[in-house]
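S.K.: For reference, the chains in residue letters:
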Amino acid sequence: MTEAPATPVPPARPGGLRTALLAVIGLGLLLLGGGLAVALGIGQDGGPATPTADSVDAGFSRDMAIHHLQGVEMANLALERSEDAEVRQLAFDISSTQTNQTGRMQGWLSLWGVPPTGGERMAWMADGHGSMVMDGLMPGMATEDELTDLRGLSGAEFDVQFLRLMIRHHQGGLEMAQYADEHAALAAVRRLARTIAETQTAETGTMTDMLAARGGTPLPAP
Amino acid sequence: MAKDRTPARPGATGNRAKGGRTRPVANVVAPQRPWGLIAGALVVVLFAAAVITYAVVKVNEANANKVESPDDISGLQAYEYAAGQEHVTTPVEYTESPPVGGAHDAFWADCTGTVYDVDIRHENAVHSLEHGAVWVTYDPDALSDGDVEKLADLVDGVSGRMLSPYAGLDSPISVQSWNHQLKVDSADDERLAQFADLMTRNSDFHPEVGASCENPDFLASPILAGEDSAPVGQSDMPTTTTPGATETTEP
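Line order of the protein sequences matches chains A and B.
Okay, so the first sequence: first residue is 1 according to the working numbering, each after it adds one.
Okay, so the second sequence: first residue is 1 according to the working numbering, each after it adds one.
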């Protein structure tokens, strides 16, 4: 038998072209893969870590919201009771601003899964600031007796007592705000804390002038 | 790849008749193009090009006219008035005109998307800036009614903004927020809307984050530039509505 079966003939190999084409395909797939990764957000971390319940961010948001809400309560009472235009304007400013800020802080807590109550007041501040909490009240907060007393006043007497309590309330919250401005992890939290520290300091000055103009004397600072 | 196999040409098979084993005939013929690979490469390249073009177009669209910081607005001037400015009942000599910060009246001007047709008292307006308002001012002698209408469209109904004529303005239009100011010549300048969108109640740039713009009594009877301070706000005194402030777009 002389007729050998036809041996498979290897394909012609224009080697350079083939390699180039494979390289193009490889590169193209690589680009596609990279594009998809970017589009799907693979490899990005989820931004800053969510603050935990014992963090400065969460502790400040929870405790300042609680502190603010008593300020709102007193301011709303002044809006109802006071007959002094300047006191009423101040009260409206405090009520609307602190209600807004409380909403911001409680919104953050909701996103972080941290309850707006519970925990130990001011334990998030280093060096035993928790011991400044008396009967559950943070510095500057009015006692239930003081609030009852305020509700019983009217006219100029009300205005003076309201200013005295609100000055002390602002002074009491200052240290928390300054601490959070320095130690919170998230920029938005630091920013709000600084805002509170700066504007309440100014407002304390304004109220001290208003109190003096109405013949009142300040309470001892907390 | 089997399809690419090159068939032996008659001339090449001539040896078979002589009984010799056929040898591979590679490279004997002109090489055939690897059509499969070419098509594959073409598809991949076209697809990748389409994806990348789409991505570039989308990113450009998203960035078009995008303003993320005051620095992105050309001509914007920044100032550094500290938070916590004093409340005063006396007139204030402001360095900037219109003012962009400093001491101010205890009663803020209503800035709930308010279109004033009077030159409101500057000391009250600065308090609104402290609350996060964008205050648009114009030289009434330099603008047509139509131009004022365009400015009113930017302000009307958007809480956190207010518009008023301003006597002695050194440019046809000036828009300001706390510590920021932009002066432009035309009501059609796109930077006006960019400024207003960026700065209205922007908590990065004004002192009293979360403060209100409401002052219905000031809205009803605004105090005019040059007038004395007066407690116009949360008062028990009944106030009568006077012409001067409207929430319509009437210039």
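There's no promise every hint is true.
What the hints assert, rightly or not - Listed below are the simulated SDA-like cross-link pairs for lysine to any residue, each with C-alpha atoms no more than 20 Å apart in a straight line: (1) B:150 - B:185; (2) B:58 - A:33; (3) B:150 - B:196; (4) B:66 - B:172; (5) B:58 - A:32; (6) B:66 - B:56; (7) B:150 - B:172; (8) B:66 - B:143; (9) B:58 - A:35; (10) B:58 - A:111; (11) B:183 - B:58; (12) B:58 - A:34; (13) B:183 - B:143; (14) B:58 - A:36; (15) B:183 - B:73; (16) B:183 - B:165; (17) B:66 - B:190; (18) B:58 - A:50; (19) B:66 - B:204.
Derived from the structure by calculation, the hints contain no laboratory data.
Please read these numbers as outputs of a predicted model, since none were measured by experiment.
S.K.: Each hint should be assessed against the structure and marked as holding or not.
M.R.: Verification of the supplied hints:
With a CA separation close to 13 Å, the supplied pair residue 150 (chain B) and residue 185 (chain B) stays within the 20 Å bound. Proximity of residue 58 (chain B) to residue 33 (chain A) is assessed by CA-CA distance (about 18 Å); at most 20 Å being required, the pair is judged to hold. Among the hinted pairs, residue 150 (chain B) with residue 196 (chain B) is consistent with the structure: their alpha-carbon atoms are about 13 Å apart, no more than 20 Å. For the suggested pair residue 66 (chain B) and residue 172 (chain B), the alpha carbons sit about 25 Å apart, so the restraint of at most 20 Å is broken.
A distance of roughly 16 Å separates the Cα atoms of residue 58 (chain B) and residue 32 (chain A); the hinted pair therefore holds under the 20 Å criterion. Proposed proximity of residue 66 (chain B) and residue 56 (chain B) is supported: the alpha carbons are some 16 Å apart, at most 20 Å. Between residue 150 (chain B) and residue 172 (chain B), the direct Cα distance comes to roughly 13 Å. Compliance with the 20 Å bound is thereby established for this hinted pair. Among the hinted pairs, residue 66 (chain B) with residue 143 (chain B) is inconsistent with the structure: their alpha-carbon atoms are about 28 Å apart, more than 20 Å.
For the hint linking residue 58 (chain B) to residue 35 (chain A), the alpha-carbon distance of about 13 Å falls within 20 Å, and the restraint holds. Only pairs whose Cα atoms come within 20 Å are accepted, and residue 58 (chain B) paired with residue 111 (chain A) is rejected, the gap being roughly 30 Å. For the hint pairing residue 183 (chain B) with residue 58 (chain B), the CA-to-CA distance comes to about 32 Å; that exceeds 20 Å, so the pair is violated. Our distance criterion of 20 Å between C-alpha atoms is met by residue 58 (chain B) and residue 34 (chain A), whose separation comes to about 17 Å.
Taking the CA atoms of residue 183 (chain B) and residue 143 (chain B), the gap is about 14 Å. The hint holds against a cut of 20 Å. In summary, the hint linking residue 58 (chain B) to residue 36 (chain A) is supported, as the alpha carbons are separated by about 14 Å, within the 20 Å threshold. A threshold of 20 Å between alpha carbons decides the hint, and for residue 183 (chain B) with residue 73 (chain B) the separation of about 11 Å falls inside it, so the pair holds. With a C-alpha separation of about 14 Å, the suggested pairing of residue 183 (chain B) with residue 165 (chain B) holds against the 20 Å cut-off.
Between residue 66 (chain B) and residue 190 (chain B) the CA atoms are separated by roughly 11 Å; this keeps the pair inside 20 Å, and the hint holds. Of the pairs offered as hints, the one joining residue 58 (chain B) and residue 50 (chain A) is violated, with about 31 Å between alpha carbons and a cut-off of 20 Å exceeded. The straight-line distance between the Cα atoms of residue 66 (chain B) and residue 204 (chain B) is roughly 18 Å, inside the 20 Å bound, and the hint therefore holds.
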